[in-house]
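Trainee: Listed below are the residues making up each chain.
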Amino acid sequence: MKTAVLLKQTFDTEEKIVFSNGTIAEENAKFVINPYDEYALEEALRLKEIHGGEVIAVTYGPERAEEALRTALALGADEAVLIEQDGQPEDSSLIAALLAATLQPMSPDLVLAGLFAVDSGSGSVALQAAERLGLPHASSAVKIEVVPADDPRLHEKALHPEADELTGAPNASLVYSERYALIERDVEGDSQHVAVPLPVLITAQQGLNEPRYPSLPGIMKAKRKPLKRVSAESIAQAASVSLAAARTERTELLPPAPRAAGRKLSGSAAEQAHELAGLLAQAGVVKAEP
Amino acid sequence: MTKKILVYAECRDGRLRRVAFEALAAARLLAGEDGEVHAVLAGAGPAEAEALAARGADVVHAADDPALAVYTPEVYAAALSAAFCSLKPQALLLGHTAAGRELAPRLAAAFGAGHIADVTAVQAAHDGGEAVFTRPLYAGKAYERRRFAPGVPWVVTIRPNNMPPASPSEKQGTVQALAFEVPPLYTSVRSIVRRTSGQIDLAEADIVVSGGRGVRSAAGFEPLQQLAEALGGAVGASRAACDAGYCDYALQIGQTGKTVTPQLYIACGISGAIQHLAGMSGSRTIVAINKDPDAPIFGVADYGIVGDLFEVVPLLTSEFRKQRPSSAG
Ligand SMILES: Cc1cc2nc3c(=O)[nH]c(=O)nc-3n(C[C@H](O)[C@H](O)[C@H](O)COP(=O)(O)OP(=O)(O)OC[C@H]3O[C@@H](n4cnc5c(N)ncnc54)[C@H](O)[C@@H]3O)c2cc1C
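Listed in order, the protein sequences are those of chains F and B.
My numbering puts the first residue of the first sequence at 3, with every later residue one more than the last.
My numbering puts the first residue of the second sequence at 736, with every later residue one more than the last.
What the hints contain is simulated information worked out from the structure, not anything from laboratory work.
Model, not experiment: these values are computed from the prediction.
The reader is advised that the hints may include incorrect statements.
[Stated by the list, open to error] In the SDA-like style, the derived pairs of lysine to any residue whose C-alpha atoms are separated by at most 20 Å in a straight line are:
1) B:Lys-876 with F:Lys-50
2) F:Lys-145 with B:Ser-926
3) B:Lys-1026 with F:Lys-4
4) B:Lys-1026 with F:Glu-44
5) F:Lys-266 with B:Arg-882
6) F:Lys-145 with B:Lys-1026
7) B:Lys-876 with F:Gly-24
8) F:Lys-266 with B:Asp-978
9) F:Lys-145 with B:Arg-930
10) B:Lys-876 with F:Lys-266
11) F:Lys-50 with F:Asn-211
12) B:Lys-876 with F:Gly-264
13) F:Lys-266 with B:Ser-926
14) F:Lys-4 with F:Glu-44
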């Protein structure tokens, strides 16, 4: 099984964000693999331990992102690809186009990515790439199993048999694939169990697994593993993607609106509770319908 | 040319979600008074279609098909695609909800559109200028304004609870059936486990009472539940409370949990770690109840009570019950 993992190197979430000249200062900041992408990578490694095959980590980013790929190799990825970001704008459709063009010739059985990147917070790139690749997807996975098409669980009655029949989902006569992913996904706190044929793109939610740490032998081995660097231009050219085709652009970067200094109440617990209730009523925040 | 804006009017259990009305209001803002606002309604009844038509949708396109009974991204995307392709609107607006978060990028890529996600404010410009969208970065530690490149369609997802919902409008819109073809369906839904049914939706709640490790046990959430009930709000939690098994992960608020933007957030026994703040610091008014006067949560709180939550929370509950005796019990 060939699994591609989409990674992004992001600020450590504990980092303080410092603004300078309309951008966010990166000097001295600590960069890590986006935490959601760590779950995706860990899952790819676990699935490889069960099913064999290879794991390829792919990132689009600046020079420093190579560090994230080295970490991925040290953790057990077999290969890594860095699409060099060189002045191209940060636009999800453009990035998705470059990633899709990079993945296409690999024809992975599985593409894993994080639910969203903690810096930009859009959660858009991986799913746009899925659309471009013509792959189905399952988002926000908290459990993933890859099973053969004859797994009995696939042939239990689905929640929506009409739809299954309409379309050739697993319990109908038409079988899409030799393998399916059984996925438990988090849907705003509820959980939904779905089956999707491979190849499929899956995004990882917290709770999917507990990511491992790199080991010393892993770090040594990583030095000899292939890390390919490709320029965004060359991919764009080969796939006829226009690098000028960014569809959105940032016009301004702002610090969060400052919060007015808060106030600690005083007095006995009862006095404080009474005062707070009065203040909130006065401010009009506690008049929601009962 | 009149501007057309299309809204995905998302439902939950067959009822319109509040974010659908928020998106409707944002759509009106973008369309302008003489523009057209269209809404796609999928798998819901005529009452919901009427509600949209009464609150600012000029045309409601109601899709009806047995395949819509259970949500799958393929079928819902197909219904939205059909409306998009026949109307060719300037923009498609969706809630930044579980469904909106997955439909928007797929549709954006399919339409060759740009996608601006998790928008908290919209500035429309009708004097030849461009619309600008504000959204948080780094979990709210920064914000950016973005706009679309000229000539491309727009796909925008709107964070629930950040914009006023559409109010009843004078003119009543029309409702028409939306024809669409059910595509080959890859996703087969095996089962759905509801952990949040019957509760007020956290992401859309006006008031959230949250508990952290300080509540000490599952039973410790009881006083919080009572306070939430007295206020007509929902209960949330920190990750530490979920990790400790005091409550379900469905309640987790924060960077890796839900993002909430209520009018009032009451944090009980929560220290205020950066990852928790990421999910709630956009709340209008924040109250913190904590034993530790140096807890970082006081740094973002509008009102702080230094004290034992087990003492303070029940006192607050009875204060609010006094204020609104009708909702007691
Ligand atoms: C990658 C990553 C993602 C994370 N995502 C999230 C997330 O989404 N959401 C989240 O919440 N956390 C998240 N965390 C965890 C976060 O860092 C904190 O560990 C967590 O928020 C702490 O929860 P807490 O405040 O309930 O517990 P603690 O930090 O243990 O604080 C408990 C507080 O309760 C107070 N207290 C105790 N007893 C009482 C009492 N009787 N009355 C009043 N006060 C009392 C204490 O003074 C203390 O301040 C994440 C961490 C990481 C590394």
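Trainee: Work down the list of hints and note, for each, if the structure agrees.
Mentor: So, going through the hints one by one against the coordinates:
1. B:Lys-876 with F:Lys-50: Not satisfied, since the Cα-Cα distance of roughly 37 Å exceeds 20 Å.
2. F:Lys-145 with B:Ser-926: Satisfied, since the Cα-Cα distance of roughly 14 Å is no more than 20 Å.
3. B:Lys-1026 with F:Lys-4: violated, 52 Å
4. B:Lys-1026 with F:Glu-44: violated, 38 Å
5. F:Lys-266 with B:Arg-882: violated, 40 Å
6. F:Lys-145 with B:Lys-1026: Distance of about 38 Å is beyond 20 Å: violated.
7. B:Lys-876 with F:Gly-24: Roughly 14 Å separates the two Cα atoms, so the pair holds.
8. F:Lys-266 with B:Asp-978: Given pair Lys-266 of chain F, Asp-978 of chain B is violated - Cα atoms ~29 Å apart, limit 20 Å.
9. F:Lys-145 with B:Arg-930: holds, 17 Å
10. B:Lys-876 with F:Lys-266: violated, 24 Å
11. F:Lys-50 with F:Asn-211: This hinted pair holds, its Cα atoms lying about 14 Å apart.
12. B:Lys-876 with F:Gly-264: Answer holds: Lys-876 of chain B to Gly-264 of chain F is near 18 Å, not above 20 Å.
13. F:Lys-266 with B:Ser-926: violated, 48 Å
14. F:Lys-4 with F:Glu-44: holds, 15 Å
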